[in-house]
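Using the sequences provided together with the hints, build the complete structure.
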Amino acid sequence: MPAKDDTAAVGGGQIAAPDQGVPVRYTRELLARFDGTDPRLPVLIAYHGRVYDVSRCFLWRGGRHFWHRAGRDLTDAMAEAPHADSILARAVCVGIFDPG
Amino acid sequence: MKQKTVARELIEKAGVDIDKLLDLLVRNAAAELTTYYYYTILRVNLIGLEGEGLKQIAEDARIEDRNHFEALVPRIYELGGELPKNMVDFHNCSACPPAFLPPDPTDVKAMLEVLLKAEQCAVRGYTQICNMTAGKDHRTYDLALAILHEEIEHEAWFAEFLGNGPSGHYSREGRPNSPYVGKFLNAGQG
Chain E
1 MPAKDDTAAV GGGQIAAPDQ GVPVRYTREL LARFDGTDPR LPVLIAYHGR
51 VYDVSRCFLW RGGRHFWHRA GRDLTDAMAE APHADSILAR AVCVGIFDPG
Chain P
1 MKQKTVAREL IEKAGVDIDK LLDLLVRNAA AELTTYYYYT ILRVNLIGLE
51 GEGLKQIAED ARIEDRNHFE ALVPRIYELG GELPKNMVDF HNCSACPPAF
101 LPPDPTDVKA MLEVLLKAEQ CAVRGYTQIC NMTAGKDHRT YDLALAILHE
151 EIEHEAWFAE FLGNGPSGHY SREGRPNSPY VGKFLNAGQG
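Protein chains in written order, with my numbering: chain E, 1 to 100; chain P, 1 to 190.
Incorrect hints may appear among the rest.
List of simulated lysine to aspartate or glutamate pairs, EDC-like, C-alpha gap at most 20 Å [stated by the list, open to error]:
#, chain 1, residue 1, chain 2, residue 2
1, P, K117, P, E160
2, P, K136, E, E80
3, P, K55, P, E9
4, P, K117, E, D76
5, P, K20, P, E9
6, P, K20, E, D38
7, P, K55, P, E160
8, P, K55, P, D89
9, P, K20, P, D89
10, P, K136, P, E78
11, P, K117, P, E59
12, P, K20, E, E29
Among the chain P residues that face chain E by a calculated CB cut under 8 Å, a handful are [unchecked claim]:
#, residue
13, K20
14, D23
15, P74
16, R75
17, H91
18, N92
19, P97
20, G125
21, H138
22, R139
Derived CB-CB ranges, DEER-like [said to hold, decoys possible]:
#, chain 1, residue 1, chain 2, residue 2, range
23, P, P97, E, R33, 24 to 30 Å
24, P, P74, E, R61, 37 to 43 Å
25, E, H48, P, T106, 37 to 43 Å
26, E, D38, P, G15, 35 to 41 Å
27, E, A89, P, D17, 27 to 33 Å
Hints in this document: simulated from the structure, not taken from any laboratory. For glycine and all other residues, C-beta sits at the position ideal for the given N, C-alpha and C.
Quick look at the structure:
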């Protein structure tokens, strides 16, 4: 299970249990593998220190969301988005982002 | 190679990222056309005592969304963009998720929620385009603002049915569709 983290996460802050061997703490390099190019892997993004699985989101098909790419920290990109970060409540928080 | 127009040159000079703008315009055009398609299915299934009451506003929103697609396409090409050659690609690049028929098509509340979410997504999309083009690309701004006016009205119609309080908006009630976007539909056709 992940280390205890008191940081409030979007969508209630519950981190899903590790699923199918997916690690919970993601470095920048590890997160980059989940960019949607490998159909065997979930599509993940990082936001404010948390990692979210957006595989089931239509608007993240193929790891692309408009001009954004999955497998990256998109914290700064949220400012220009036409939606609030509450949209991430629809995604599952699967881990912690540890950029190192 | 197609020559860059002065209009495009000036928009770039004003600081608009045209590639991003075109990406948004194409994705929102896809959202409009796919919504037109999905709303056709929703409208067909709006039957019964509750459903029939919704049918006309679903139809008005459907027709106006198609008009938005028609109005967006010339601007995409004016700016040097193009639509995807493959309809599947076009569907899949939509700025909004598909407005699928709910599992229980007799559930009018579920139908309304699908319709409302689609309109809210559109409101976000055109607000983003307006923000990107305000004071920089007057023609795209004017078009996006006209569409935004109509999308906000659609949202209000459906939200009111869901009991979200009075919207202050009237439905078309037999008046012509696309009161804001209409000026773009026949323009440039001689």
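Looking at the structure, which of the earlier hints fail to hold?
-> 3, 4, 6, 8, 12, 15, 16, 17, 21, 22, 24
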